[in-house]
Amino acid sequence: MHEMGIAEQLVQISLDAIPKSMPTPRVEILNLKIGKLASVVEHSLTFCFEIITKDTPLENVKLVIESMPVKIHCKTCHKEWEVDTPMFKCLNCEDGEVEIISGRQIEISSMELAEE
Amino acid sequence: MEINIGKRVLEKNETDAQRNRAFFREKNVFVLNMMSSPGSGKTETLCKTLGHLMPEIRVGVIVGDVCTTNDADRLAVTRAKVTQINTDQFGGDCHLAAHLIDASARQLGCDDLDLLIVENIGNLVCPAEFDIGEDARAVVLSVTEGEDKPLKYPLMFQVADIAILNKVDLLPYLDFDAALAVDNMKKVHPGMPVFELSAKTQEGFEPWLEWLRRKVGEKTAK
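The listed protein sequences derive, respectively, from chains A and B. Residue 563 in my numbering sits at position 97 of the first sequence; the count goes up by one each step and never skips. Residue 153 in my numbering sits at position 136 of the second sequence; the count goes up by one each step and never skips.
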């Protein structure tokens with residue numbers, strides 16, 4: 467359900483990044499980085515985009531989503547590792563003080579505009 | 018033509034949350050964000066908690082729901098300052114974002130508060146994503162849900178500072194394995210304190226109240 471709010475933010479950030487000098491801009495591709503822990507369903511996000519980009523420079527934009535792995539850093543022994551199951555215990559020192567350094571992000575890295 | 022953007026979607030929310038945090042620091046009020054799935058007993062836990070804490074600790078509550086003021090009405094009997102946010106006015110959002118907390122906290126006025134509790138919208142997914150400027154996050158799980166909920170919704174249990182396992186008075190009638198549920202929470206968040214209690218009978222309430230009193234004391238002493 468939060469995909470709509472996320473789509474609205476992504477559209478706003480993209481519209482703000484279009485150079486004002488372009489008379490009829492058309493965004494062809496949005497390159498996104500979305501963490502595996504961010505709970506974003508790609509199909510829902512695409513669906514929301516189709517609805518809210520009608521009659522905007524982003525109409526029919528293609529979303530290219532790079533799925534970012536979940537990475538953990540242990541604050542005690544400084545080991546860093548990638549996890550594919552939701553177990554956030556340090557494998558090395560078994561201490562509890564771990565932090566998620568990747569896997570929660572929802573970012574726009576770039577957009578590709580059609581040549582005029 | 019490719020244009021580099023490099024922006025995070027939650028950037029605006031994070032800015033709003035930092036502004037809230039500065040406001041709460043200035044007012045010396047401890048802010049607790051309470052999250053859970055619908056029906057875990059957040060409101061009942063709060064009603065009983067306020068009964069123990071007030072009037073020694075001055076408490077305000079911001080209640081979030083998609084619709085109705087039912088929870089605010091239930092909390093009104095505690096005589097805490099209560100304000101309700103209904104997100105159906107904002108597109109039916111499934112979480113409370115930082116800017117909504119900003120408006121409500123200012124409307125509530127924090128000058129005469131020691132503790133502000135935000136009862137978030139019942140949802141184990143989205144509220145975990147949104148920093149609202151709180152000091153601590155509590156997640157409530159009840160024994161009528163599954164033991165594997167922490168593994169299914171890991172982010173929520175990872176970002177929480179403490180967990181409450183509620184409705185333990187029902188354990189004799191259920192197949193729920195409380196030790197397994199706590200073990201799953203610790204897999205997702207090792208070291209997180211878990212308070213096993215019943216809001217209905219108030220069994221196991223004291224360690225939770227003690228934690229809350231200590232946290233409020235630490236913040237208001239600053």
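Simulated from the structure, these hints should not be mistaken for lab results. Treat the hints with care, as some may be off.
Said to hold, decoys possible - Using 30 Å as the maximum straight-line C-alpha spacing, the simulated DSS-like pairs for lysine-lysine come out as follows:
id, chain 1, residue 1, chain 2, residue 2
1, A, 541, B, 204
2, B, 24, B, 217
3, A, 537, A, 520
4, A, 486, A, 545
5, B, 236, A, 502
6, A, 499, B, 203
7, B, 204, A, 537
8, A, 545, A, 502
9, A, 502, B, 44
10, B, 98, A, 545
11, A, 545, B, 204
12, A, 555, B, 232
13, A, 541, B, 217
14, B, 169, A, 520
15, A, 541, B, 98
16, A, 520, A, 555
17, A, 555, A, 528
18, B, 236, B, 203
19, B, 232, B, 203
20, A, 499, B, 29
21, B, 236, B, 217
22, A, 486, B, 203
23, A, 555, B, 204
24, B, 232, B, 217
25, A, 545, B, 169
26, B, 203, B, 169
27, B, 204, B, 169
28, B, 169, B, 98
29, A, 528, B, 29
30, B, 203, A, 545
31, A, 486, A, 541
32, A, 499, A, 545
33, A, 486, B, 24
34, B, 98, A, 502
35, B, 217, B, 204
36, A, 502, A, 541
37, B, 29, B, 217
Do the hints match the structure? See the list:
1. A:541 - B:204: With a Cα-Cα distance of about 17 Å, the restraint between residue 541 of chain A and residue 204 of chain B holds, given a limit of 30 Å.
2. B:24 - B:217: violated, 46 Å
3. A:537 - A:520: violated, 37 Å
4. A:486 - A:545: With a Cα-Cα distance of about 46 Å, the restraint between residue 486 of chain A and residue 545 of chain A is violated, given a limit of 30 Å.
5. B:236 - A:502: The hint is violated at about 34 Å.
6. A:499 - B:203: holds, 29 Å
7. B:204 - A:537: Distance of about 16 Å is within 30 Å: holds.
8. A:545 - A:502: holds, 20 Å
9. A:502 - B:44: violated, 37 Å
10. B:98 - A:545: Cα-Cα ~46 Å, so violated.
11. A:545 - B:204: holds, 17 Å
12. A:555 - B:232: Between residue 555 of chain A and residue 232 of chain B the Cα gap is close to 25 Å, so the pair holds against 30 Å.
13. A:541 - B:217: violated, 39 Å
14. B:169 - A:520: violated, 35 Å
15. A:541 - B:98: violated, 39 Å
16. A:520 - A:555: violated, 45 Å
17. A:555 - A:528: violated, 38 Å
18. B:236 - B:203: Since the Cα atoms of residue 236 of chain B and residue 203 of chain B sit roughly 27 Å apart, the hinted pair holds (cutoff 30 Å).
19. B:232 - B:203: holds, 22 Å
20. A:499 - B:29: holds, 17 Å
21. B:236 - B:217: Holds, at roughly 29 Å.
22. A:486 - B:203: Since the Cα atoms of residue 486 of chain A and residue 203 of chain B sit roughly 51 Å apart, the hinted pair is violated (cutoff 30 Å).
23. A:555 - B:204: It holds: about 6 Å lies between the C-alpha atoms, which stays within 30 Å.
24. B:232 - B:217: Cα-Cα ~24 Å, so holds.
25. A:545 - B:169: holds, 25 Å
26. B:203 - B:169: Given that 30 Å is the threshold and the Cα spacing comes to 14 Å, the pair holds.
27. B:204 - B:169: Holds, at roughly 12 Å.
28. B:169 - B:98: violated, 35 Å
29. A:528 - B:29: holds, 24 Å
30. B:203 - A:545: Satisfied, since the Cα-Cα distance of roughly 19 Å is no more than 30 Å.
31. A:486 - A:541: violated, 45 Å
32. A:499 - A:545: holds, 24 Å
33. A:486 - B:24: holds, 19 Å
34. B:98 - A:502: violated, 39 Å
35. B:217 - B:204: Judged against 30 Å, a Cα distance of about 28 Å means the pair holds.
36. A:502 - A:541: holds, 22 Å
37. B:29 - B:217: violated, 40 Å
Violated hints, in rising order: 2, 3, 4, 5, 9, 10, 13, 14, 15, 16, 17, 22, 28, 31, 34 and 37; the structure is consistent with all others.
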